[in-house]
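Following the hints, complete the assembly by docking chains L, R and H onto the known chain A.
Protein chains: 4
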Amino acid sequence: MNLENKIVNAMLENDKFSAWLGIELIDIKPGSCILKMMVKKDMLNGFDILHGGVTFAMADSALAFAANSHGRKSVSIEASMSYIESCKEGDILIAKASETSMTNKIGIYTIEVKNQNDKIVSIFKGTVYRTEKEWKL
Amino acid sequence: MNLENKIVNAMLENDKFSAWLGIELIDIKPGSCILKMMVKKDMLNGFDILHGGVTFAMADSALAFAANSHGRKSVSIEASMSYIESCKEGDILIAKASETSMTNKIGIYTIEVKNQNDKIVSIFKGTVYRTEKEWKL
Amino acid sequence: MNLENKIVNAMLENDKFSAWLGIELIDIKPGSCILKMMVKKDMLNGFDILHGGVTFAMADSALAFAANSHGRKSVSIEASMSYIESCKEGDILIAKASETSMTNKIGIYTIEVKNQNDKIVSIFKGTVYRTEKEWKL
Amino acid sequence: MNLENKIVNAMLENDKFSAWLGIELIDIKPGSCILKMMVKKDMLNGFDILHGGVTFAMADSALAFAANSHGRKSVSIEASMSYIESCKEGDILIAKASETSMTNKIGIYTIEVKNQNDKIVSIFKGTVYRTEKEWKL
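Protein chains in written order, with numbering that gives the first Met the number 0: chain A, 0 to 136; chain L, 0 to 136; chain R, 0 to 136; chain H, 0 to 136.
No wet-lab data here; the hints were simulated from the structure. Treat the numbers as computed from the prediction; the structure is a model and nothing was measured.
Straight-line distance between alpha carbons at most 27 Å, and here's what the computed BS3-like set of lysine-lysine pairs gives:
1. A:132 x A:5
2. R:87 x H:132
3. A:113 x L:15
4. R:72 x H:40
5. L:132 x R:72
6. L:39 x A:87
7. H:118 x L:72
Just chain A, with the same shape it has in the complex:
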């Protein structure tokens, strides 16, 4: 198994909130990641649409996996998200994380979240700090 798969498996195995979300790993490569999730009733807000925090959480998980997959433990510093389309119960979301830039200390990632009709629902930009600790697996 590749290092990136080992790392993400180790991260997911112990990630209770991603488990609650029902996040499924579709693809992982160094610096990129694809996740899938179905919108459940418990994720809705008072307007009966997906709570923005859940979309953010899915994108944030994609960011964490993409950034850590290089083998260095990496932590989020900052992220911003634009809300584009609302989602409802039963929608299937796909989050694609791609690496905009990576230096020794800092990585920048863009995550697009789309629904089952390939319509963009959210765009997310996140920054990570790359610590000096290596993943050992």
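Chains L, R and H in isolation, oriented as in the chain A frame:
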């Protein structure tokens, strides 16, 4: 009961994700809001600390309540969050939303999230679009 | 001449700061825009590299042109920028604005700024509010 | 002279773009900074109001001075700005940078920009990476 209390009660009543988070309303005034939440095991990520998406969701709920409390239905356009301190199971978080600016169409809010030691764990800035629909309660 | 060209010409004609920056319009289509600029000595900060505000200004001009090119007067609400690579005097920058999403009221744009070696120096995400005023030219 | 004053003087002395802006240092303390600037004709955009890039640049300079004033060379990673009020020629702007958080590697700053009527025109949040290089003056 004040209009702002009626609005937030109506929003919370039907907000399944805020219920799952265990969010408690401490204070609501037009344009500002204070929420409280305890970090539960199910909210942790693979590093055994609070998933960033949960902190974001709490702040996003505070934003929604503060913005809607003026009586106009308001929807988030964009938000950014800085991660400052990690949180662990059992921590008590307080999110305070305050209004930085409000025009006819756009509201800007800052949300500070602190822990039980009054230490800031996250800072969040969010923008809402104020629709022309009034809350009728 | 196309409407989008007429609009950007009208905007540029009177835009004293873009003139000071020496911004050159390379391409304009509804929702997208390409600008070019050379880094001048007066744009440098105390570290002898390009001041971040200048890169932001270039991206912000690209955002304004791309958003207004649809024919509706549009104003920036919020923008964020990640600093990736520093630039020095004489560098040639290209800013490409593309439309991530557009609804009746809100447009979201991503602007990539690259240097003469096609290396990304900055990534910018901006949100505009689309007023109901039409450009009349 | 205090270290923070020495550092900002050294930064300003060589900062050609801040000089062009006409930025004046009103106050500097470790982690905070106040700047003043008058809006000149050359800073206006095609709508005859202050170009957003100039407001950003002023805030970005305040961020740089506040962050570096602790004695460690610090570079911006990311910043976001909300546009609140437009400014016109002759307006006097005051930018106040305050430190939201500082760890060994990362500093987070909020900059409020107000006009001569004490009305907020812009709010800016920025993140810096604190290098290990000390200022030697």
